[in-house]
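> Can you join these two chains into the complex? Each is in its own frame, and there are hints to help.
Chains as they are written, first to last, in the numbering used here: chain A, 51 to 203; chain B, 6 to 496.
By construction, these hints were calculated from the structure, which means they are not laboratory data.
Just so it is clear, the structure is predicted and the values come from calculations on it, not from any experiment.
Among the hints, a few may not be true.
As the list claims (entries may be wrong) - Computed beta-carbon distance windows for the label pairs:
id, chain 1, residue 1, chain 2, residue 2, range
1, B, K353, A, A181, 51 to 57 Å
2, A, A181, B, G344, 37 to 43 Å
3, A, D74, B, W254, 50 to 56 Å
4, A, E83, B, V482, 24 to 30 Å
5, A, R167, B, V341, 54 to 60 Å
6, A, A181, B, K255, 43 to 49 Å
7, A, T182, B, A258, 38 to 44 Å
8, A, E83, B, V341, 37 to 43 Å
9, A, L174, B, G13, 53 to 59 Å
10, A, R167, B, G422, 28 to 34 Å
11, A, L185, B, G13, 39 to 45 Å
Note that beta-carbon positions come from the ideal geometry of N, C-alpha and C, so glycine has one too.
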Amino acid sequence: MKRVDIIFGVIGLVLSAYVFYMLDSFPNAPPGEVGADFFPYILAIGLGGTSIVLVLQSFFKKVSETVEPFNIFETGIQRAGVSLVATVIYCLALYSIGFIVCTMVYLTLMMFLLKERKYFQMVLVSGAITATIFLVFSSFLNITLPLGTIYGY
Amino acid sequence: MDIELFFGALLGILQWKPLLMIFAGVAGGILIGSLPGLTATMGVALLVPFTFGLPFNESIGMLLGIFSGSVYGGSISAILINTPGTPAAAATLLDGYPLSQKGEAGRALSMSVFASFVGGFTGALIMTFLSPQISQLALEFSAAEYFGLATFGLSIIISVSGKSILKGLMVGFLGLLISTIGMDPISGYPRFTFGSMNLFEGPAFIPTLIGLFAFAEVFKGVEQLTSTKQVVSKINSVFPSLADIKRTWKDMAKSSVLGTFIGSIPGAGSDIAAFVGYSEAKRRSKTPEKFGTGQIEGVAAAESANNACSGGAMIPMLSLGVPGDAVTAILLGAFVIQGIQPGPMLYKEDLDVVYSVFSAMLVANIAMLIVGFLGVRFFARAISVRKSILLPAIFIMSIVGAYSMRNNMFDVWLALGFGVLGYFLQRYRFPVSPILLALILGPMAEANLRRALIIADNSMIDVLSRPITAIFLTLGVVTLVMSIIRQRRTK
Chain A
51 MKRVDIIFGV IGLVLSAYVF YMLDSFPNAP PGEVGADFFP YILAIGLGGT SIVLVLQSFF
111 KKVSETVEPF NIFETGIQRA GVSLVATVIY CLALYSIGFI VCTMVYLTLM MFLLKERKYF
171 QMVLVSGAIT ATIFLVFSSF LNITLPLGTI YGY
Chain B
6 MDIELFFGAL LGILQWKPLL MIFAGVAGGI LIGSLPGLTA TMGVALLVPF TFGLPFNESI
66 GMLLGIFSGS VYGGSISAIL INTPGTPAAA ATLLDGYPLS QKGEAGRALS MSVFASFVGG
126 FTGALIMTFL SPQISQLALE FSAAEYFGLA TFGLSIIISV SGKSILKGLM VGFLGLLIST
186 IGMDPISGYP RFTFGSMNLF EGPAFIPTLI GLFAFAEVFK GVEQLTSTKQ VVSKINSVFP
246 SLADIKRTWK DMAKSSVLGT FIGSIPGAGS DIAAFVGYSE AKRRSKTPEK FGTGQIEGVA
306 AAESANNACS GGAMIPMLSL GVPGDAVTAI LLGAFVIQGI QPGPMLYKED LDVVYSVFSA
366 MLVANIAMLI VGFLGVRFFA RAISVRKSIL LPAIFIMSIV GAYSMRNNMF DVWLALGFGV
426 LGYFLQRYRF PVSPILLALI LGPMAEANLR RALIIADNSM IDVLSRPITA IFLTLGVVTL
486 VMSIIRQRRT K
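Okay, chain B solo, but in the shape it has when bound (with noise of 0.2 Å):
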């Protein structure tokens, strides 16, 4: 590495313009983030085309301020509504949001924040120092191994089941038959779609996400409006405490490695890493009966996780010119809009380019530390509103969140009929969490293995026997026979 090189473009990136492109970024990134159905995708492509005239630091600072804001701006809304505001904060909510209506939202997001940059810092420092070795290993994966990742993330459905596992399991076989709605992934066939095309795709997953979590809660809301108490977030500082870091860091570390390895491989978002990191928190844990009733631990690990996958998303695209995830690949488009090739020859021809990209995602993580932190107490406040104020909004927020994913009201029926769903299996005790890690990894898990049989000539020992895989496979088995054995010790 040309340390100087380095420190060159880190320069050119402190200067005031650059700068301020990257706070704008951030605070505009947590905004769409926050707001349920805008996706860092969304927002990284609405702000592309007014950055081709910038020069291109400040065209890059602008757009990676977004992308890393965005990322940790999904947590707000999962941790005080219980809708992840993207994808990547839907393992956010799991511990979140109970500890949102503990009365310690404040707690809560000062975490998030922290952890995200934890997480976002540690992806832009190893995709700084070991970007070509690490998408030399990302390139190891083909569909068998995709299929062992996604299989591992399914397994803890047993451990996010709450207290009845046949319960959860259920819910988990529904939520994965849910996620086969949709153009089969190899032939095309249509299936269950009752000829609409509306759900060719499948089921829109954030409609589905704001359904399931959002209305179930508004809806149990209104139900119980005279029976519970009002939330009243506690704030005595928008700073997580020291307890809480010395309680949390090391799954921080762990997540931020996990995550970053699972951005770099392409296709594997940041809402696998998120749960990936979460799993792996739970399975450490001494006391993992409690994920889910609202642990910090639960809230650090898959923040630091999600928004480390950017870090990691970027090492593919840079060193071999093959994107990560979506915001990455529009991210490749704006840089050769700017007349850069990503790619091997770009750590040869253009170094200067490649350090500035990682000064900016460096500082694009400290902006959205300092951002992140001015708005906390602002965000916890929300929590107190009343609540003959707050259901409404929520509601209002709901629907156009849903409607603004492809400008349909389809997609806000789907979300209304998952709500009334949602809201009759919480009011009867199953767990709605397996539903959402069904249709995050379900769709990865079949459409892999089927390519993988395909090219093991449908030989599953040739699959299952792949040295990553066959990691990934145990691993799960681990966590599942270890979730059922624990549950039953808690009974």
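Next up, chain A with everything else stripped away, as it sits in the complex (with noise of 0.2 Å):
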């Protein structure tokens, strides 16, 4: 935990770091004004003061609480490092392949990194699901979700 907050307590001073840095082009308020860097700037002390603390206490304060580690070679980690891959694929490939073909291969897919192992089942549900958001939004609530520009949508 103490060298994670080390971690947190350093991207938190070069945040904090670079929005003082943006706040340099900010244009002047007018004489007397509070301008557009006003707030940031309160803020970005706040958030410099907190991690410098954060940091400060990770060397001087005992440690009280334990986290897993953030091990990559883990199995879980593996699993949801994978289905964010996935969804970013997912996501990449939505408007050129369409919502409805998109939607059921990866929710097929997805199911499968779950360990769900009923493949007729799964295509089924993974139809049902495709098919229900496609109607409800696109049909009732007017809402267009991509069709697909490889078929000419």
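Next up, the structure:
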């Protein structure tokens, strides 16, 4: 936990320093008025200050709680990583391949990743979820979901 | 009040056609509200064109049905999948989701329906009897008072911070910084937008919420697939138990009044009301440290406050012609289309219309109670679906929810980015709720403080010493100090 807090503290400090750097390019407010940089300035001080305290606390305070380390070789974390990658690919393919095909494939693969092995049920449930969402959003709520540019839509 | 005229209007609403429209509206509203990404505003806006040709009672019944239904509907996804269907349900997830994780989704949902009814009905009653008086009080609110209200809401950051005040504050500052992204509310200067038009209005609220809560939770669920047990929801009854009602009635009553008043202040929406109600319930609780771990009072307070807000928001709309929030702005349009001009003269010239609106609001809340109770068993079962099916379905719902706000893939990427942030914050015991609070209240605090300073010739003392502002700020400081003392005692 100590190391994690130091990492988060340093990230907070870097972010706060970056905000200060950005604030330099903000236009000056009219004399005597509060400008666009006023709030971010105070907040960056707050973020920087709490980050420094977090880092210092990590050095001087006794560690009272532990968390599982982030080990990328651990199966659960790998599974979460694969699901993130799959979601990114799904989002990238959504416009070109279209909502219906993309969603059915994505759902089936995700179910497989999450150890579902009843294949017929997987396909059936994927189809049902896709159809329900598509009907509710497209037909009832008039929200256009991508139909796929490769089919000419 | 002309009681005879009021009962005449009520009878008009209780005819089968207006009743049917109200029930249809409530059911549709609950569906829209429960889908992350679809808000009450969107629901009412979508249905307005369908009500053009309908007689007034049917038209207003349907619109108010959607309005009431969607505010409650937002709590369903908040409780079941940790994603508020509407911003109004953001505070509900703080205790609703932990309850659902304990296998008590049915209990949380039935309390949510009941509290929504209590809040909505109280709001409608207050609207019926005290509209002119409340709208006068609401007019006292200027920028300084809005700043005070927002600061009071922000003061609960400490109390939603969990075990570490420092981490809560750090995340709170981060959230407030995120809330400054976009065009400066006063000068229009684009701040931290990196030239992206998509960020000019700031990070879209719903996709951000979906990311921080839904995506983060699903990533966690995927990671811990084999190490955590499947949640099985126990449903003994679709009604809240007498013990729960006894435990929460004071919170519901207080939140209902608070919610109605906050709703009547133009610009202060139901999301703010829910947090203020939640904060008040936590402040008066004997076990405030348990809030956030699945306290039924948290669900009751948040839900009664946000539903009471609906009635409150109608007050300035009807009596002054000034909409209290985005939904009432659309309703104002629907009224004008029907040939009715809300405003002070409405109470003199078309009192029957005013009473029809009051009656429709009261009946819509009763309809919401009935439809809500009928749905509890069905909704609660959703949580018992196998994780291997539920998690991918939530992924898709979240993506579609983020996309549907503006038909924009940028919002989906934004949600995914916040999902990763939320996952790491949760993993390393940083509370996520302060970001939520900061995103709702930060812009309100900043814009109004700066407006108030301009009005007061940059005299901070003039801004802070206005009576209502001073009361809110004092309450905020008391809440902050009490939370710190309690946290220290708990340690």
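> Taking the hints in turn, state whether each one holds.
Quick rundown of the hints versus the structure:
no. : hint                        : result
1   : B/K353 x A/A181: 51 to 57 Å : holds, 53 Å
2   : A/A181 x B/G344: 37 to 43 Å : holds, 42 Å
3   : A/D74 x B/W254: 50 to 56 Å  : holds, 55 Å
4   : A/E83 x B/V482: 24 to 30 Å  : holds, 27 Å
5   : A/R167 x B/V341: 54 to 60 Å : holds, 59 Å
6   : A/A181 x B/K255: 43 to 49 Å : holds, 46 Å
7   : A/T182 x B/A258: 38 to 44 Å : holds, 39 Å
8   : A/E83 x B/V341: 37 to 43 Å  : holds, 38 Å
9   : A/L174 x B/G13: 53 to 59 Å  : holds, 54 Å
10  : A/R167 x B/G422: 28 to 34 Å : holds, 33 Å
11  : A/L185 x B/G13: 39 to 45 Å  : holds, 42 Å
Going down the numbered hints, you'll see the structure goes against none, and every one checks out.
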